[in-house]
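Work the whole structure out from these sequences, hints included.
From first to last, the protein sequence lines are chains A and B.
Position one of the first sequence corresponds to residue 1 (this note's numbering), numbered consecutively onward.
Position one of the second sequence corresponds to residue 1001 (this note's numbering), numbered consecutively onward.
Honestly, the hints are just simulated from the structure, not real lab data.
Please note that a few of the clues may not be correct.
As the list claims (entries may be wrong) - With a Cα cut of at most 27 Å, we get these calculated BS3-like pairs of lysine-lysine: (1) B:K1186 <-> A:K242; (2) A:K137 <-> B:K1186; (3) A:K56 <-> A:K305; (4) A:K167 <-> B:K1186; (5) B:K1205 <-> A:K167; (6) A:K101 <-> B:K1186; (7) B:K1205 <-> A:K87; (8) B:K1075 <-> A:K110; (9) B:K1205 <-> A:K100; (10) A:K137 <-> B:K1205; (11) A:K143 <-> B:K1205; (12) A:K305 <-> A:K218; (13) A:K242 <-> A:K143.
What the hints assert, rightly or not - Pair by pair, the computed Cβ-Cβ distance ranges are: (14) A:Y17 <-> B:L1120: 24 to 34 Å; (15) A:R150 <-> B:K1072: 35 to 45 Å; (16) B:F1050 <-> A:D199: 54 to 64 Å; (17) A:Y17 <-> B:T1016: 35 to 45 Å; (18) A:R150 <-> B:R1132: 19 to 29 Å; (19) A:K100 <-> B:F1050: 50 to 60 Å; (20) A:N33 <-> B:P1008: 27 to 37 Å; (21) B:K1072 <-> A:E146: 33 to 43 Å; (22) A:T44 <-> B:T1198: 36 to 46 Å; (23) B:A1127 <-> A:T44: 25 to 35 Å; (24) B:L1120 <-> A:A22: 29 to 39 Å; (25) A:R150 <-> B:V1143: 54 to 64 Å.
We put the CB at the ideal spot given by N, CA and C, even for glycine.
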Amino acid sequence: MKKNNFILKMEHVTKLYGPNRAEASKMMTNGSNKDEVNKKTGCTVALWDVNLEIPKEKIFVIIGLSGSGKSTAVRCFNRLTDPTGGKVVYEDRNVHEMSKKELLEYRRNKISMVFQSFGLMSHRDVLGNVSYGLEVKGIEQSKREEIAKRFISMIGLDGWEHQSCGKLSGGMRQRVGIARALVNDPEVLLMDEPFSALDPLVRRDMQFELLQIQRKLKKTIVFITHDIDEAFKMGDTVCIMKDGKVVQTGTPEELSMNPTDDYVRDFLETADKTKVMTVRNIMITPSCIVRLGDNMDRAVHEMRKNNLSSVIVMDDELHPKGMLFIGEALQARKDGKSIAQVLQTGIATISADTLVSDVILIATESAYPIAVTDEDGVMLGIVTKASILSSLN
Amino acid sequence: MEWLFNFPELFDLDTTAIDNAVRSFAVSAEAVLDMIKGGLNGQVNFVSMFLSYIPWPIFLLLIVFLGWRIRKSLKSGILYGTLVFLVGAVGLWELMRTTLAVVLASVAIALVIGIPIGILISNSETANKIVRPILDTMQTMPVFVYLIPALLLFGTGNASGVIATVIYAVVPVIRLTSLGIRQVDKEVIEAAKSFGSTRWQLLQKVQVPQAMPTIMTGVNQTLMMAMAMVVTTSMIGVRGLGMEVLNAVNRIEIGRGLVAGSAVVILAIVLDRLTQGGVTSDKNKSAEKVENINEGGQGQ
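This is how it looks when you write it as structure tokens:
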């Protein structure tokens, strides 16, 4: 039964561009690298002996630098590119043995695609773009607009149906791209660097939304990216490609724990180095503020209002002084004690410029939020275990 | 050493053989040629008749209105209307209408032939390789050379004029249609394909609409080239403003030639602005759109 868990498979897929393919093929078999082959034969090796198994209803991420063949690979799945050799299998059907008609049906119902620079049609409005896939299937206008509107609403573009795509921001355009791809209710969604053209904040929102959509609709997603953070955040399985070959495939954990070779290790490391994240990036503003001089009623009220079991208490200069817990606060109110008397002092504080990786240990040991301070000890915000863990993903 | 300066004439090319071949073809294919001739004349007459049904004040108002709508300025509309009014006012109204009929009929035929050929060569590299040298030839061949076989095959009159005009004017619409379709963003094409478009759907729902601004530029260029043939075709008996210019030249009547020539220029300018106006405003808009959609935000 294990076999059926894979919806798409690539078996020994090879793609060569240019002249002397037979010669190039021989050289590659004998272990030459891509550049040597190109120099000698003028033939470009886009993919060489790629084997992939895409698990059903999961997100499969292919990551690699430009020229690694990842975009070519994803285009082999829906035959926008025809491989030179090997086969692509969709649920036991060889994609390359499909007749013209079968291929159309396959593209119309089973697999759809989202593009890096959106690929929207500027002569159509949002509705016209989203309903395109239904239109080519021959679904009548009122029906297809009804379906399209449902998806436009799902991706949060209600009221934009009749806007020209030129008026939308980048994030909105890619939402249109995603709605357009989902409208045919495909089994597989191919996404070729869908968020690379978006600015980082929008990208983060879109990643999160895509995850939600995926969990809700249970689509299989093949996601291409060059950003290791994005790969680890999105991927159930991540595949690293280099020079048209697969270097390693595995879960994010497997890759970080057991990189097969130096390339993977470097890739993970450079990714970490380029994305040095400090606490400043992940800290949040505390939802409730209690001062040392406040009376206990107010402290209890604040904690109840914000649904907190503990709060960091500050002095008037906003220096964190200690942690107040709801149980002790309630007891103290009965006993008529002040905040200072029941405060648990000696809490950990960290600087805003600390690397996130350095606070993981502190965070996992502490059951409570950690105060973030500047160089004068003034509180800037807090980090919680949750915010640190989510930043690691 | 003298032979070095005398080019060896190896072939005695008998050009009269070509003449004879064309002549005998004209005789043997007379029935077909007559049919084509009848069709072309019918086409010109149809347009001419249509134009003659429009009273001149309506015609002028139509130009003002079109100028206003297309150029988005009432001032331009009034300017074009006034210019055309002047042509009529100096007594060239009928001639202008005749010229317009021939030009419009020719352009219609050029578009019907040119746009499909443009689409064909944009999709097929083989077709492109075959058609391109032919287009180059058509563009560089002196126009007078077309006139002779046209004259031999169809005699004098509108049919010959239309054929010569079509051959000369069809090139830009072919080239620009092909260019426009080739320039459609690659990802847009991929997107359309990935949703299971047939070739026909791809062409009709995506490629042609996306290429429309460029195709319209081609239409405008074709119209201008057709206007440029007005005087030339008068030599094979096409009536209208061109004939007026030709007569003036033959009789060395400078004033008459200048007036008729100015009328040709006015007609050309007005036609150009009316078709180009649509192109530029349309093109700016969609060029901007394409840029926004497909390049905007790509540099991260």
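Here is how each hint holds up against the structure:
Using a Cα cut-off of 27 Å, the hinted pair K1186 of chain B and K242 of chain A holds, with the two alpha carbons roughly 25 Å apart. Restraint check for K137 of chain A and K1186 of chain B: satisfied, since their Cα atoms lie roughly 22 Å apart, inside the 27 Å limit. Between K56 of chain A and K305 of chain A the CA atoms are separated by roughly 44 Å; this puts the pair beyond 27 Å, and the hint is violated. Restraint check: the Cα-Cα separation between K167 of chain A and K1186 of chain B comes to about 21 Å, which is no more than 27 Å; the hinted pair holds.
Between K1205 of chain B and K167 of chain A the CA atoms are separated by roughly 21 Å; this keeps the pair inside 27 Å, and the hint holds. Proposed proximity of K101 of chain A and K1186 of chain B is supported: the alpha carbons are some 23 Å apart, at most 27 Å. Only pairs whose Cα atoms come within 27 Å are accepted, and K1205 of chain B paired with K87 of chain A is rejected, the gap being roughly 32 Å. Distance hint between K1075 of chain B and K110 of chain A is unfulfilled; the C-alpha atoms sit about 56 Å from each other, more than 27 Å.
A C-alpha spacing of about 19 Å is found between K1205 of chain B and K100 of chain A, which places the hinted pair at or below 27 Å, so the restraint holds. Proposed proximity of K137 of chain A and K1205 of chain B is supported: the alpha carbons are some 13 Å apart, at most 27 Å. Taken as a hint, the K143 of chain A and K1205 of chain B pair is honoured in the structure, with Cα atoms around 19 Å apart against an allowance of 27 Å. The straight-line distance between the Cα atoms of K305 of chain A and K218 of chain A is roughly 37 Å, outside the 27 Å bound, and the hint therefore fails.
Distance check on the hinted pair: K242 of chain A and K143 of chain A sit about 45 Å apart at the alpha-carbon level, beyond 27 Å; violated. Look at Y17 of chain A against L1120 of chain B: about 26 Å separates their beta carbons, and that is inside 24 to 34 Å. A C-beta distance of roughly 38 Å is found between R150 of chain A and K1072 of chain B, which places it inside the suggested range of 35 to 45 Å. A hinted range of 54 to 64 Å holds for the C-beta pair F1050 of chain B and D199 of chain A, which are about 56 Å apart.
Taken as a hint, the range 35 to 45 Å is violated for the pair Y17 of chain A and T1016 of chain B, whose Cβ atoms sit roughly 54 Å apart. For the hinted restraint 19 to 29 Å between R150 of chain A and R1132 of chain B, the CB-CB distance of approximately 48 Å leaves it violated. Separated by about 44 Å at the C-beta atoms, K100 of chain A and F1050 of chain B break the suggested range of 50 to 60 Å. Restraint check, N33 of chain A to P1008 of chain B: a C-beta distance of roughly 58 Å breaks the suggested window 27 to 37 Å.
Checked against the hint of 33 to 43 Å, the pair K1072 of chain B and E146 of chain A passes, with Cβ atoms roughly 37 Å apart. In this structure the hint that T44 of chain A and T1198 of chain B lie 36 to 46 Å apart at CB is violated, the actual value being about 30 Å. Taking the beta carbon of each, A1127 of chain B and T44 of chain A are about 27 Å apart, inside 25 to 35 Å as hinted. Range check, L1120 of chain B to A22 of chain A: Cβ separation about 33 Å, and the 29 to 39 Å hint holds.
In this structure the hint that R150 of chain A and V1143 of chain B lie 54 to 64 Å apart at CB holds, the actual value being about 60 Å.
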